[in-house]
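**Q** Now for the letters of each chain:
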Amino acid sequence: MTIANANETAVDRMLRGDPQLVDVIPAKEAVDGLGDRLILHAGPPLDWADMCGPMRGAVTGIAVFEGWAENLEQAEEAASKGFFEFAPNHDFDCVGPMTGMTTISQPLMVVENKAFGNRAYCAINEGLGKVMRFGGNDEEVRDRLKWIRDVLGPALGRAIRAADGIPLKSLVGRGLTMGDEMHQRNVACSGLILRELAPHLARTTDNPGDLADILAFIGGNDQFFLNVAMAMGKAIMDPVRNIDKSTVVTAMARNGTDFGIRVSGTGDRWFTAPVEMPEGLYFPGYSEKDANPDMGDSTIIETIGLGGFAMAASPAVAGFVGAGPASEALNFTRTMAEITVSENPEWAIPAMDYQGVPTGIDIRRVVETGLAPTINTGIAHKEPGVGQVGAGVVRAPLKCFEQALFAFAEKIGVA
Amino acid sequence: MSGSKDRKPSANLKLLDSEVRVVNVGLVQFAGDLRDQGVKVVHVDWAPPAGGDVKLARLLSKLED
Numbered sequence: 000m001t002i003a004n005a006n007e008t009a010v011d012r013m014l015r016g017d018p019q020l021v022d023v024i025p026a027k028e029a030v031d032g033l034g035d036r037l038i039l040h041a042g043p044p045l046d047w048a049d050m051c052g053p054m055r056g057a058v059t060g061i062a063v064f065e066g067w068a069e070n071l072e073q074a075e076e077a078a079s080k081g082f083f084e085f086a087p088n089h090d091f092d093c094v095g096p097m098t099g100m101t102t103i104s105q106p107l108m109v110v111e112n113k114a115f116g117n118r119a120y121c122a123i124n125e126g127l128g129k130v131m132r133f134g135g136n137d138e139e140v141r142d143r144l145k146w147i148r149d150v151l152g153p154a155l156g157r158a159i160r161a162a163d164g165i166p167l168k169s170l171v172g173r174g175l176t177m178g179d180e181m182h183q184r185n186v187a188c189s190g191l192i193l194r195e196l197a198p199h200l201a202r203t204t205d206n207p208g209d210l211a212d213i214l215a216f217i218g219g220n221d222q223f224f225l226n227v228a229m230a231m232g233k234a235i236m237d238p239v240r241n242i243d244k245s246t247v248v249t250a251m252a253r254n255g256t257d258f259g260i261r262v263s264g265t266g267d268r269w270f271t272a273p274v275e276m277p278e279g280l281y282f283p284g285y286s287e288k289d290a291n292p293d294m295g296d297s298t299i300i301e302t303i304g305l306g307g308f309a310m311a312a313s314p315a316v317a318g319f320v321g322a323g324p325a326s327e328a329l330n331f332t333r334t335m336a337e338i339t340v341s342e343n344p345e346w347a348i349p350a351m352d353y354q355g356v357p358t359g360i361d362i363r364r365v366v367e368t369g370l371a372p373t374i375n376t377g378i379a380h381k382e383p384g385v386g387q388v389g390a391g392v393v394r395a396p397l398k399c400f401e402q403a404l405f406a407f408a409e410k411i412g413v414a
Numbered sequence: 000m001s002g003s004k005d006r007k008p009s010a011n012l013k014l015l016d017s018e019v020r021v022v023n024v025g026l027v028q029f030a031g032d033l034r035d036q037g038v039k040v041v042h043v044d045w046a047p048p049a050g051g052d053v054k055l056a057r058l059l060s061k062l063e064d
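Respectively, the protein sequence lines represent chains A and B.
Residue 261 in numbering that gives the first Met the number 0 sits at position 262 of the first sequence, with consecutive numbering throughout.
Residue 7 in numbering that gives the first Met the number 0 sits at position 8 of the second sequence, with consecutive numbering throughout.
Hints listed in this document are in silico derivations from the structure and should not be mistaken for laboratory results.
Idealized CB from N, CA, C, for every residue including glycine.
A hint or two may mislead.
So the derived label-pair ranges between C-beta atoms look like this [to be verified]:
#1 Asp352(A) to Val43(B): 20 to 30 Å
#2 Glu63(B) to Arg15(A): 20 to 30 Å
#3 Ala350(A) to Ala46(B): 25 to 35 Å
#4 Pro344(A) to Val27(B): 40 to 50 Å
#5 Glu72(A) to Val53(B): 49 to 59 Å
#6 Arg15(A) to Gly50(B): 34 to 44 Å
#7 Ser9(B) to Ala406(A): 33 to 43 Å
#8 Ala215(A) to Lys54(B): 42 to 52 Å
#9 Val413(A) to Val43(B): 26 to 36 Å
#10 Ala325(A) to Val53(B): 12 to 22 Å
Bound conformation, chain B alone:
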């Protein structure tokens, strides 16, 4: 095993070497926190069908067009 100094950065870390641009899906607070730190964020307003209520979601799937 090589020492930590010699470890090559992973693809994920390389991503953070360049300017970070984020697509945030779901909770808008995360987008706000990143924006406050100067990160460019596009927020996607998304929630699970029927707010995550499994019974309603299952019923909706049976009532498609």
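Bound-form chain A, shown alone:
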């Protein structure tokens, strides 16, 4: 098999993926091997000593939430003494935005790729501002997580099962025509999925007060769909792993310290480099002095051709993330088409005469052109406990792709 054949297989599997949101269940039921004191995080592997401020904030917060520590101070001491075990979400079929905390009692959304039978998981989006994914960890943040665990998660599970699942590919296709790129803009898809779920939520939620809270929570969160899209991305990409001689990227993820990529032909090995600082716009009262380096598994969105790769579908996001005028949005997508194998005809962009989103990042093209994948991202405060302070654009470090290229060449016997 040639590299070209292998990459055709990789993209074919991406395009044949049929992701559907099928359930919401507690993490301990969903994920094999998840137990007490095991904390899954975003990005490549990371020890407590190397964690950035927001990641430490989230770890201590989730430890208190799970009852593994009585307060944040005790949780920090426990973490520093090795009381918790840490592992990447990607190793457990999961993804998580920003800090990406996944632990036993959180409800996880389940996306099944019907074409290949694999499942991927992601926690429910908490909303914007002071939330755990941005390192928020106080009582308000933990109380919201409890409500998600006790009320929202079970209700969503009932509604999704009553709907017999929600196909996501066509929903995302519609979202692209309505101005979403599925990373920093999910207004359309959040509305579309709420429209699908609302009748089932009404039929399966006994308490009218809970129903009203649930509808208000989802309706008030423009990024509700982000976590659905991330589980979708993971479900699409996992069957693309381990194709001999394929140079297609299967995952990109950051942990606030390092950026990591995985490539089909080199299996589950991470290729890492120090993560870069996003350039973007800040909420009132904050500036780049407050910003933490980039983090989160949400780059799985760009890995499947959305987010920064689909910027042309979402001129509004170009302004939101400080990427320049709306007219520049097309250039981002055109540039990403230079580092991808193909395009996705089912995810078409109206402003580009319905050209499909760039699909299948080829490490050879990234290294050859020097064009690093463009990522639309949220910006967290560098101190634990504060939360989101802005949104911006960041480039994947070229070093990851260069390392991957050398390893790939060695694996196939090319010196």
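Please build the complex by placing chain B on the supplied structure of chain A, with the hints as guidance.
**A** Below, chain B without anything else, positioned relative to chain A:
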């Protein structure tokens, strides 16, 4: 040898007698400088493979389709 007054313009100089139109390849700053002087420029966004890193470029040539 004839004096400089009698020297016929070379082909290159003739080119500059007419309107100058430039295709700029590589460094975008050159295109910007010419544009600032009212010269029509088409810029071609080009860089050597792998940013000029010979080791990487050689490896890429062995990893073609």
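**Q** Does the Cβ pair Pro344(A), Val27(B) satisfy 40 to 50 Å?
**A** Once the Cβ atoms are compared, 33 Å apart, the range 40 to 50 Å for Val27(B) and Pro344(A) is violated.
**Q** Does the hinted range 25 to 35 Å hold for Ala350(A) and Ala46(B) at CB?
**A** 27 Å Cβ-Cβ, so the 25 to 35 Å window holds.
**Q** Check the following: the C-beta atoms of Ala215(A) and Lys54(B) are separated by a distance inside 42 to 52 Å.
**A** 58 Å Cβ-Cβ, so the 42 to 52 Å window is violated.
**Q** Indicate whether the distance between the beta carbons of Glu72(A) and Val53(B) respects the range 49 to 59 Å.
**A** Distance hint for Glu72(A), Val53(B) holds at roughly 54 Å.
**Q** Could one say that the CB atoms of Ser9(B) and Ala406(A) fall in the range 33 to 43 Å?
**A** At roughly 54 Å between Cβ atoms, Ala406(A) and Ser9(B) fall outside 33 to 43 Å, so the hint is violated.
**Q** Using the beta carbons of Ala325(A) and Val53(B), state whether their distance is inside 12 to 22 Å or not.
**A** 40 Å, violated
**Q** Could you check the hint for me, namely that Glu63(B) and Arg15(A) are 20 to 30 Å apart, CB to CB?
**A** Because 26 Å falls inside the window, the suggested range holds.
**Q** Is 20 to 30 Å a correct range for the gap between the Cβ atoms of Asp352(A) and Val43(B)?
**A** The hinted range 20 to 30 Å holds for Asp352(A) and Val43(B), with Cβ atoms some 23 Å apart.
**Q** Return holds or violated for the Cβ distance of Val413(A) and Val43(B) against the range 26 to 36 Å.
**A** Since Val413(A) and Val43(B) have Cβ atoms about 31 Å apart, the given range 26 to 36 Å holds.
**Q** 34 to 44 Å was suggested as the range; check whether the CB atoms of Arg15(A) and Gly50(B) agree with it.
**A** 35 Å, holds
Checked against the numbered hints above, the structure breaks hints 4, 7, 8, 10 and satisfies the rest.
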